[in-house]
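Mind assembling these two chains? They're in different frames, but the hints should get you there.
Here is what each chain is made of, one letter per residue.
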Amino acid sequence: MKCVRFEELIFERVEGILDTETAVMLDAHAAGCARCADLAILMGDGAAIPAEDFTASVLALTSDREPVERALRQLELDLPALATMAPDDDFIADVMAVTIEADRMRLHRRLGAFWDSLIQRPRLALEGAYLGAVAGFLLVGLPASPLAGVPEQVIHELRSQEIAVRTTLASSTAKLSQFSTTTWERAGDIVVLPLGDDEPGTGDAVRLNSRDSEWAEFARDTAATAWNDYVVTGADWLLSPWTDRATNDSDPNESTNEEDKDERSSHSA
Amino acid sequence: MELEALVAHCKTGDESAWEALVRRTQGRVFGLCFHYLRDREEAREVAQETFIRIYRGLDSFDGSGSFLAWSVRIARNCCLDRIRKQKITPTFGATEVDNPDLGREFVEPGESFVDTHVRHELLRRALDSMSAINREMILLKDIQGLKQREIADMLSIPLGTVKARSNRARAELADRMLELDPSYGA
Numbered sequence: 001m002k003c004v005r006f007e008e009l010i011f012e013r014v015e016g017i018l019d020t021e022t023a024v025m026l027d028a029h030a031a032g033c034a035r036c037a038d039l040a041i042l043m044g045d046g047a048a049i050p051a052e053d054f055t056a057s058v059l060a061l062t063s064d065r066e067p068v069e070r071a072l073r074q075l076e077l078d079l080p081a082l083a084t085m086a087p088d089d090d091f092i093a094d095v096m097a098v099t100i101e102a103d104r105m106r107l108h109r110r111l112g113a114f115w116d117s118l119i120q121r122p123r124l125a126l127e128g129a130y131l132g133a134v135a136g137f138l139l140v141g142l143p144a145s146p147l148a149g150v151p152e153q154v155i156h157e158l159r160s161q162e163i164a165v166r167t168t169l170a171s172s173t174a175k176l177s178q179f180s181t182t183t184w185e186r187a188g189d190i191v192v193l194p195l196g197d198d199e200p201g202t203g204d205a206v207r208l209n210s211r212d213s214e215w216a217e218f219a220r221d222t223a224a225t226a227w228n229d230y231v232v233t234g235a236d237w238l239l240s241p242w243t244d245r246a247t248n249d250s251d252p253n254e255s256t257n258e259e260d261k262d263e264r265s266s267h268s269a
Numbered sequence: 001m002e003l004e005a006l007v008a009h010c011k012t013g014d015e016s017a018w019e020a021l022v023r024r025t026q027g028r029v030f031g032l033c034f035h036y037l038r039d040r041e042e043a044r045e046v047a048q049e050t051f052i053r054i055y056r057g058l059d060s061f062d063g064s065g066s067f068l069a070w071s072v073r074i075a076r077n078c079c080l081d082r083i084r085k086q087k088i089t090p091t092f093g094a095t096e097v098d099n100p101d102l103g104r105e106f107v108e109p110g111e112s113f114v115d116t117h118v119r120h121e122l123l124r125r126a127l128d129s130m131s132a133i134n135r136e137m138i139l140l141k142d143i144q145g146l147k148q149r150e151i152a153d154m155l156s157i158p159l160g161t162v163k164a165r166s167n168r169a170r171a172e173l174a175d176r177m178l179e180l181d182p183s184y185g186a
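Which chain is which? The protein sequence lines are D and L, in order.
Counting in the numbering used here, the first sequence runs from 1 upward without gaps.
Counting in the numbering used here, the second sequence runs from 1 upward without gaps.
Only chain L is shown next, with the shape it has when bound in the complex (with noise of 0.2 Å):
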């Protein structure tokens, strides 16, 4: 079931449908908690609220744009309040890079787990090292897959500065991964 259909079933108070929904969405939320926030706990509690906020929500959501959108814009108004109520700077630590199942299901064809495993971590240190605010543009458009727009809306900032800054960080990633493995894409 597509999830703007899920999200209508929600509306009535399906709540096998709402749990549905839940386990479909979770994984993105969460991750995304964990890119603004890079502790797991935290992560985990933001993205608790996020469902929380999405779930008093689904009335107001009207069905325009799409749930994707909705559900990232939320999250992220979650990760920045709980970064402004603890004032907290957000470095990656330990406790995800060294979890060992992590990034399984991505494996690529013809690839060993630990080779896409170190290839992810140093794409997270890369990401850690860049400018916050071209780590937001990959991370909602390269990572989240927003489109153009809805990140120019969430954002409140023009198109064309969406699609320099995109330009632009996606630039400055593939030069900081080179720095950490010159060998990256060959």
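Pulled out of the complex, with its shape left as it was, chain D reads as follows (with noise of 0.2 Å):
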């Protein structure tokens, strides 16, 4: 028997319901293991130690007993004035930091993961486009509807001022695609620099072969090509239906004035 069984059995000798084969075991261990028979001492479980040493065992455990006897006493008063300890005076204000305040962010942060669930479903483009279609015909759809006239006026305004709608956008095309132009030539320009083998400040470590570079540049010019060609020229074919209206529309204006002028100089003459 272990002492670890033997603290586990000792309480159940000493109130009495312990079979008489276990006890038997508690005897033998008890006869052999002086801090366990100490402990049936303790437990006031006389009949743990063998009868011939429980007389010498006691007299020998409480001839000194005393000055334990006192020290137990003492024990009783010092040790519950070791259960609290003063932390330092932010104690209280970090722990309501940490539990107050973090309890207010994580519902902060719980509403937002909310939010973000909502908005980021798949079906939501959906759902918008439903509903915003829906009261699209709601507010302008109907005879009776808030907006019914809005649509129709707009477009006529539109027509109305059809020649400064095309002049605007022609000559927002043509600044978009300088614009454009002047973009990706600089970027380009700042791809190449710092490749190239005589830019100063390129060390070896970071100088590419002169194969590289002209890869570089090679790259540069395609893609600038690429764009002009097909990006710019796109975009120009496919606003054209307005530009060239919006030039024809402004040179008869020029020769009209021009053929005034020609009419004003005879008649003056």
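The calculated label-pair distances, taken between Cβ atoms and stated as ranges, are: (1) L/9 x D/90: 23 to 31 Å; (2) D/94 x L/131: 32 to 40 Å; (3) D/114 x L/45: 29 to 37 Å; (4) D/136 x L/11: 47 to 55 Å; (5) D/104 x L/84: 26 to 34 Å; (6) D/97 x L/84: 23 to 31 Å; (7) D/109 x L/133: 38 to 46 Å; (8) D/146 x L/16: 49 to 57 Å; (9) D/76 x L/133: 15 to 23 Å; (10) D/121 x L/45: 37 to 45 Å; (11) L/5 x D/114: 28 to 36 Å; (12) L/5 x D/133: 52 to 60 Å; (13) L/11 x D/146: 50 to 58 Å; (14) D/94 x L/14: 15 to 23 Å.
Just a few of them, taken from the derived set where beta-carbon distance is under 8 Å, the chain D residues facing chain L: (15) 67; (16) 82; (17) 87.
Think of the hints as simulated: they come from the structure by calculation, not from any bench.
This structure is a prediction, so every number in the text was calculated from the model and none was measured.
The C-beta atom is built at its ideal place from N, Cα and C for all residues, glycine as well.
Take a look at the structure:
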């Protein structure tokens, strides 16, 4: 029997609920284990000690029990005083910060996560389009809708200002094209410049050979050409109906003015 | 207000009740953590972690047992987690023992503060020299004042083992104290 098992059983022995066979095993263990024999005495279990040794053991243990008893009594007074220990003054504030404040933040995060889960649903776009279409129809589609006449008014205004709209579109297209081309070329320069062999400040570790540099320049030129040929030209082609008509509309005016000038000059002559 | 009543108010979201509960129990939780970890800074961090767990677990506290035992169980688990995580071997440092204000509130009538302070310091050293299992038994039963049944549940050991270990632990502590100070208790 091990001491741990003895500790478990000695209480049952003291209460008198241990069976005889196990009690014999307890006696055998206590006879060969001084610590467990002491424990049996502390538990008030004289029966755990063999009868012939019991008196001697008790006498041996109780002959100098007085200091131990005093110490035990003093321990009962002293030990509860060790239960509490004051932390520093900021402890309360820190605890409140990590509990109440953190809980508020957690609630905030939960609401944010709920909103994200709501907004990032794949069906949301479909639902939004559906609601938008219904709302649009209710706003403008019915005879009694509050904005029933607005679309017609907008179209009428646009038609009355058709030349101004076309001119604005043509101007915007030219500016956009110029801006895109310049931006792309500058980006290409930024890519190629650090790769040049003769660039000051580029060390051997980062300097690429001339073949790589040539490749980078070729890539830049090809990309710029592709941008001009396809993107800019495509944008021009797409907007050509408006830009051409705007040009055609403006040219007759100029010729008319010139004709007027000629007529005025002939009249004056 | 009793602790259980404070806990009931905390469950309703009463922030002032929670602050009162922390004020009421911080010394006990911090003291328990210090006894396990033996380092003031470590004990402070773990005590804070303990209160976080208590706060989050308030709804699960059904009141069938005492709040004290429940909080001690949480604090003990937090300390064991920290010990496992850092593989620290707690030893008493000079920080707490040298703290001149330590234990001032526990001076007994007719006794100087220095005497009480020295005695508590000796007591801590005696506890430090004990076996871990006996020290924990002293800590839970005699220092924190938990009932034997609560300790048995917490440590998952039979009630009889708790009683036996408790008696043995106190006997060992008395011996240690007499070794350090033969006049202890006289």
